[in-house]
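K.L.:
Here is what each chain is made of, one letter per residue.
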Amino acid sequence: MTEKLVIIGNGMAPGRMLEHLLEDAPDRYSVTIFNAEPRVNYDRIMLSPVLSGEKAFEEIVIHGDGWYIKHGITLYKGHRIVDIDREAKTVTSDHGVTESYDRLVIATGSVPFIIPVPGKDLPGVLSYRDLDDVNAMLLAAQSRAKAVVIGGGLLGLEAAAGLKERGMDVTVLHVMPTLMERQLDPAAGYLLQKAVEARGIKVMTKANTKAIVGNGKVEGVELMDGTIIPATLVVMAVGIRPSTALAKEAGLEVNRGIVVDDRMRTSDPAIMALGECAEVGGHVYGLVAPLYEMARVAAAALADSEDRRFVHSDTPTKLKVTGIDLYSLGDFADGEDREEIILRDASAGIYKRLVLQDNRIIGTVLFGETGDGAWFNDLKKKATDISEMRDTLIFGQAFQGGVSSDPLAAVAALADDAEICGCNGVCKGKITGAITAKGLTGLDDVRAHTKASASCGSCTGLVEQLLKLTLGEAYNPAAVQPMCGCTSLGHDDVRRLIKAKGLKTIPAVMQELEWKTSCGCAKCRPALNYYLVCDWPDQYADDYQSRFINERVHANIQKDGTYSVVPRMWGGVTSANELRAIADVVDKFEIPMVKVTGGQRIDMLGIRKEDLPAVWADLGKAGFVSGHAYAKGLRTVKTCVGSDWCRFGTQDSTGLGIRIEKFMWGSWTPAKVKMAVSGCPRNCAEATCKDVGVVCVDSGYEIHFAGAAGLDIKGTEVLGLVKTEDEALEVIVALVQMYREQARYLERIYKWAKRIGTAEIKKQILDDGEKRKAYYERFVFSQKFAQVDPWSERVSGKDKHEFRPMASVGFAEAAE
Amino acid sequence: MSRQERDRMNWIAIGSIADIPPRGARCVATPQGKIAVFRTADDQVFAIDDHCPHKGGPLSQGIVHGAAVTCPLHNWVISLETGRALGADEGSVRTIPVKVEGERLFIVLEALASKAA
Numbered sequence: 001m002t003e004k005l006v007i008i009g010n011g012m013a014p015g016r017m018l019e020h021l022l023e024d025a026p027d028r029y030s031v032t033i034f035n036a037e038p039r040v041n042y043d044r045i046m047l048s049p050v051l052s053g054e055k056a057f058e059e060i061v062i063h064g065d066g067w068y069i070k071h072g073i074t075l076y077k078g079h080r081i082v083d084i085d086r087e088a089k090t091v092t093s094d095h096g097v098t099e100s101y102d103r104l105v106i107a108t109g110s111v112p113f114i115i116p117v118p119g120k121d122l123p124g125v126l127s128y129r130d131l132d133d134v135n136a137m138l139l140a141a142q143s144r145a146k147a148v149v150i151g152g153g154l155l156g157l158e159a160a161a162g163l164k165e166r167g168m169d170v171t172v173l174h175v176m177p178t179l180m181e182r183q184l185d186p187a188a189g190y191l192l193q194k195a196v197e198a199r200g201i202k203v204m205t206k207a208n209t210k211a212i213v214g215n216g217k218v219e220g221v222e223l224m225d226g227t228i229i230p231a232t233l234v235v236m237a238v239g240i241r242p243s244t245a246l247a248k249e250a251g252l253e254v255n256r257g258i259v260v261d262d263r264m265r266t267s268d269p270a271i272m273a274l275g276e277c278a279e280v281g282g283h284v285y286g287l288v289a290p291l292y293e294m295a296r297v298a299a300a301a302l303a304d305s306e307d308r309r310f311v312h313s314d315t316p317t318k319l320k321v322t323g324i325d326l327y328s329l330g331d332f333a334d335g336e337d338r339e340e341i342i343l344r345d346a347s348a349g350i351y352k353r354l355v356l357q358d359n360r361i362i363g364t365v366l367f368g369e370t371g372d373g374a375w376f377n378d379l380k381k382k383a384t385d386i387s388e389m390r391d392t393l394i395f396g397q398a399f400q401g402g403v404s405s406d407p408l409a410a411v412a413a414l415a416d417d418a419e420i421c422g423c424n425g426v427c428k429g430k431i432t433g434a435i436t437a438k439g440l441t442g443l444d445d446v447r448a449h450t451k452a453s454a455s456c457g458s459c460t461g462l463v464e465q466l467l468k469l470t471l472g473e474a475y476n477p478a479a480v481q482p483m484c485g486c487t488s489l490g491h492d493d494v495r496r497l498i499k500a501k502g503l504k505t506i507p508a509v510m511q512e513l514e515w516k517t518s519c520g521c522a523k524c525r526p527a528l529n530y531y532l533v534c535d536w537p538d539q540y541a542d543d544y545q546s547r548f549i550n551e552r553v554h555a556n557i558q559k560d561g562t563y564s565v566v567p568r569m570w571g572g573v574t575s576a577n578e579l580r581a582i583a584d585v586v587d588k589f590e591i592p593m594v595k596v597t598g599g600q601r602i603d604m605l606g607i608r609k610e611d612l613p614a615v616w617a618d619l620g621k622a623g624f625v626s627g628h629a630y631a632k633g634l635r636t637v638k639t640c641v642g643s644d645w646c647r648f649g650t651q652d653s654t655g656l657g658i659r660i661e662k663f664m665w666g667s668w669t670p671a672k673v674k675m676a677v678s679g680c681p682r683n684c685a686e687a688t689c690k691d692v693g694v695v696c697v698d699s700g701y702e703i704h705f706a707g708a709a710g711l712d713i714k715g716t717e718v719l720g721l722v723k724t725e726d727e728a729l730e731v732i733v734a735l736v737q738m739y740r741e742q743a744r745y746l747e748r749i750y751k752w753a754k755r756i757g758t759a760e761i762k763k764q765i766l767d768d769g770e771k772r773k774a775y776y777e778r779f780v781f782s783q784k785f786a787q788v789d790p791w792s793e794r795v796s797g798k799d800k801h802e803f804r805p806m807a808s809v810g811f812a813e814a815a816e
Numbered sequence: 001m002s003r004q005e006r007d008r009m010n011w012i013a014i015g016s017i018a019d020i021p022p023r024g025a026r027c028v029a030t031p032q033g034k035i036a037v038f039r040t041a042d043d044q045v046f047a048i049d050d051h052c053p054h055k056g057g058p059l060s061q062g063i064v065h066g067a068a069v070t071c072p073l074h075n076w077v078i079s080l081e082t083g084r085a086l087g088a089d090e091g092s093v094r095t096i097p098v099k100v101e102g103e104r105l106f107i108v109l110e111a112l113a114s115k116a117a
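So the sequences go chain by chain: P and R. So for the first sequence, the numbering used here puts the first residue at 1; every next one is plus one. So for the second sequence, the numbering used here puts the first residue at 1; every next one is plus one.
If you are wondering where the hints come from, they were derived from the structure by calculation, not from laboratory data. Every value quoted in this text rests on a predicted model; they were computed, and no experiment measured them. Check each hint, because a few of them may be wrong.
To be verified - Listed next, the in silico DSSO-like pairs over lysine-lysine satisfying Cα-Cα at most 27 Å (straight line):
(1) P/K559 / P/K516
(2) R/K99 / P/K754
(3) R/K99 / P/K588
(4) P/K523 / R/K99
(5) P/K559 / R/K55
(6) P/K451 / P/K559
(7) P/K800 / P/K559
(8) P/K217 / P/K194
(9) P/K55 / P/K773
(10) P/K4 / P/K55
(11) P/K762 / P/K773
(12) P/K70 / P/K451
(13) P/K70 / P/K621
(14) P/K504 / P/K672
(15) P/K595 / R/K99
(16) P/K468 / P/K451
(17) P/K89 / P/K77
(18) P/K773 / P/K751
(19) P/K4 / P/K70
(20) P/K773 / P/K504
(21) P/K762 / P/K672
(22) P/K559 / R/K99
(23) R/K34 / P/K798
(24) P/K206 / R/K99
(25) P/K672 / R/K99
(26) P/K621 / P/K773
(27) P/K501 / P/K523
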């Protein structure tokens, strides 16, 4: 008979405990989780990268919905437990669900500490604890207004850096004289303050908050000395308190946290507690490494698999702000029996301090260069006597015993039991062992099998070096395909960073994202140009020289260097006048070939580049505009004759096709977009192999997408059925805008859809009306700047240098 | 070539550096075909035949990056300094001496004449 295990809370600690438990005793318990947050288990350490835009929420999910289903775990999302009945062994949620238990685990975590000052409840005052806080901050950051962060500790500084990245004017208030005084000595605190200020964040120390002022919403923060700092957003990040109310009401022993023994058992033998809410040996913990150790201990206790006990150990602190390297560990207060070794390099912004007692390291503070943190930690843990290497100790491991400064050599020199991943307590031997035994080839494999570097990620470099050491040449670190040789970043990272960092020119992207070449290459420049056009339609000035020749001269280059020209025929419909104008142009410019295209257009081939403006001028007089047959953009909307003529037609497919084309022409997209509208399921316009297609039926419009009929052949997928033309247009426009914002340059819709998943696209475009509307409106906005006929612009003289030679030399006779 | 040699050559004015967009190119028509004159991001000027060694693509129409151009037809990358194909491709195109005096640009015609002869 399986026992019933109920868990209150779905944070990282119980999540990890379940992983161990499922491994040790997979069938012993039937598990039910109550989570007050309405979502799955995610990596809270990574909220700061989400805030700064370096990561998306999807990337920090630890257990997706599928994980719970796979393991038969019942997860109540958004259920807060309001009562524990220890007599009856039941828990009850605020939605009235009652569940009985044999074993209960309390993992209620912590609540942010809110300073009890007037105004603390005003709208606009936030804490920094979960995804809801991050989302609220992101919303507030859109105003680009002023923000105040109260608290200059780890969380406060990460919040400040994130808000600054998002474009806000940020001031950090810290009550102590130096930042992060619990982890840093004053010297490192000072360097940190300088580094933070260098990012444009204002720092005020010894700043004691008196009140938060505002009328109905936050308007500023008032300090004890009367200073008022204006702000529309106030983030309180002054610390956390174990969340113990529920345990207290249930009559469990509670001190600062819920008191547990070294096997995580509370005063009630059926109930355990772990995570930030638990107090063990007089300590409560907030960093992930000890919490994960608690998870391991709790799982062992639940599974009866081993007699594992929790032992206190110091955990290093690292700041997750890109570009600021900081590491602190252990005890670094001055003392009579203590000595210290200090290295300062002001010009490089480096500060290192080791605190020694009896020739053993007891504390480490590193700023600016933290590579040796793991080594110092190892020496401290093992209480190694350092008197032999005292003179060179501070320079790090590479200087000991004549070892070269090659980072690989330093990692090779580490002992097998040296800790690599502090968060998950993974040592070097475990990683190299797993690589060899399981044939692991990349970072993701190592993360999956050992958890090393799977939490905060700061040991990623060390893990990669271990892969390199163990696999040698066989290791290919490029897990993400880089955009091109100019960068190691993939398309998705570049797109996200462009938005997150507000990069608005190609040189800014190359500078900020550390391009390896001075001005890119023919692969990355057109991609960057597209991303910037798409993301900043009203602010970015198109970089003409980063466009492929076809988009520069608005015609298609042919093998002999001549061009072909395709005028737009809306929905494939033309007229006698238009045909006459084309015939005249063909005669006048002796165009050698005229051909009908697959997209229901007329193509004129073999036109000399010099003639292009004159050809366009003549076509323009007949009302033609560019057909964009050369563009990574909307090409054609093919139609059949529909209900106007066809005896089977159910709707006006021609009219809808023309309407879509007139609405969407001129838009740039990651790759070409071809569409079609068929008037009935006989589908004469072949809409079911297009990027986007519509098949009209009696009851409305069936929207199709993600078809292909080129290198790959693929029928479309059905997005859904809508009733009216207006709805069809809105859905199609929103879909294309989603594609514009998310796809990689040159990635057709069907490839993008395969990567993202049809379900996700349906969810965002069909099910979520607000999202659809927002996509639609962003497209409409960008069209304001995109719908300019490039041909008429060039007829009026734009880029005229492009169409004639700079000079003619050596033609003796021709000279006058 | 030495300074004296350069000075003795028959330099022909083709226009001003401002006629060429940075990271761009313009053509000069000659009886032997087009010459592509390039201006890099840092205002260096190079001239090569407007004819890719691969399939004759018009190099002047390519994307200019660093001191190289990518041919618009099949993406060969040609060094503007040496005229040689970079990367795995093999082939080269003739380079033409260019002189920049202030804003004015000159190329050498004799090289053309001798080739024509």
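K.L.:
So, for every hint listed, does it hold in this structure?
P.N.:
Okay, the hints, checked on the actual structure:
Between P/K559 and P/K516 the CA atoms are separated by roughly 33 Å; this puts the pair beyond 27 Å, and the hint is violated. Under the criterion of a C-alpha separation no larger than 27 Å, the hint pairing R/K99 with P/K754 is inconsistent with the structure, at around 53 Å. Restraint check for R/K99 and P/K588: not satisfied, since their Cα atoms lie roughly 40 Å apart, outside the 27 Å limit. A threshold of 27 Å between alpha carbons decides the hint, and for P/K523 with R/K99 the separation of about 31 Å lies outside it, so the pair is violated.
About 8 Å separates the Cα atoms of P/K559 and R/K55, which keeps this hinted pair within 27 Å; it holds. In summary, the hint linking P/K451 to P/K559 is not supported, as the alpha carbons are separated by about 54 Å, beyond the 27 Å threshold. Straight-line distance between C-alpha atoms of P/K800 and P/K559 comes to about 23 Å, which keeps the hinted pair within the 27 Å bound. Of the supplied pair hints, the one linking P/K217 and P/K194 is violated, its CA atoms being roughly 32 Å apart against a limit of 27 Å.
A distance of roughly 25 Å separates the Cα atoms of P/K55 and P/K773; the hinted pair therefore holds under the 27 Å criterion. Distance restraint check for P/K4 and P/K55: the Cα-Cα separation of roughly 37 Å exceeds the 27 Å cut-off, and the hinted pair is therefore not satisfied. A distance of roughly 14 Å separates the Cα atoms of P/K762 and P/K773; the hinted pair therefore holds under the 27 Å criterion. Proposed proximity of P/K70 and P/K451 is supported: the alpha carbons are some 20 Å apart, at most 27 Å.
This hinted pair does not check out: P/K70 and P/K621 have alpha carbons roughly 66 Å apart, beyond 27 Å. A distance of roughly 24 Å separates the Cα atoms of P/K504 and P/K672; the hinted pair therefore holds under the 27 Å criterion. About 46 Å separates the Cα atoms of P/K595 and R/K99, which puts this hinted pair outside 27 Å; it is violated. Between P/K468 and P/K451 the alpha-carbon distance is near 18 Å, which keeps this suggested pair within the 27 Å criterion.
Taking the CA atoms of P/K89 and P/K77, the gap is near 21 Å; set against the 27 Å cutoff, the hint holds. Distance restraint check for P/K773 and P/K751: the Cα-Cα separation of roughly 24 Å lies within the 27 Å cut-off, and the hinted pair is therefore satisfied. Taking the CA atoms of P/K4 and P/K70, the gap is about 18 Å. The hint holds against a cut of 27 Å. The suggested pairing of P/K773 with P/K504 holds, with an alpha-carbon distance near 25 Å, which does not exceed 27 Å.
Restraint check for P/K762 and P/K672: satisfied, since their Cα atoms lie roughly 22 Å apart, inside the 27 Å limit. For the given pair, P/K559 sits about 32 Å from R/K99 by alpha-carbon distance, which is inconsistent with the 27 Å threshold. With a C-alpha separation of about 23 Å, the suggested pairing of R/K34 with P/K798 holds against the 27 Å cut-off. In summary, the hint linking P/K206 to R/K99 is not supported, as the alpha carbons are separated by about 64 Å, beyond the 27 Å threshold.
For a cut-off of 27 Å, the pair hint linking P/K672 to R/K99 is broken: about 42 Å separates their Cα positions. For the proposed pair P/K621 and P/K773, the alpha carbon gap of about 37 Å is over 27 Å, so the pair is violated. Note on P/K501 and P/K523: the hinted pairing holds, with a Cα-Cα distance of about 22 Å set against a maximum of 27 Å.
Of the numbered hints stated above, those contradicted by the structure are hints 1, 2, 3, 4, 6, 8, 10, 13, 15, 22, 24, 25, 26, listed in ascending order.
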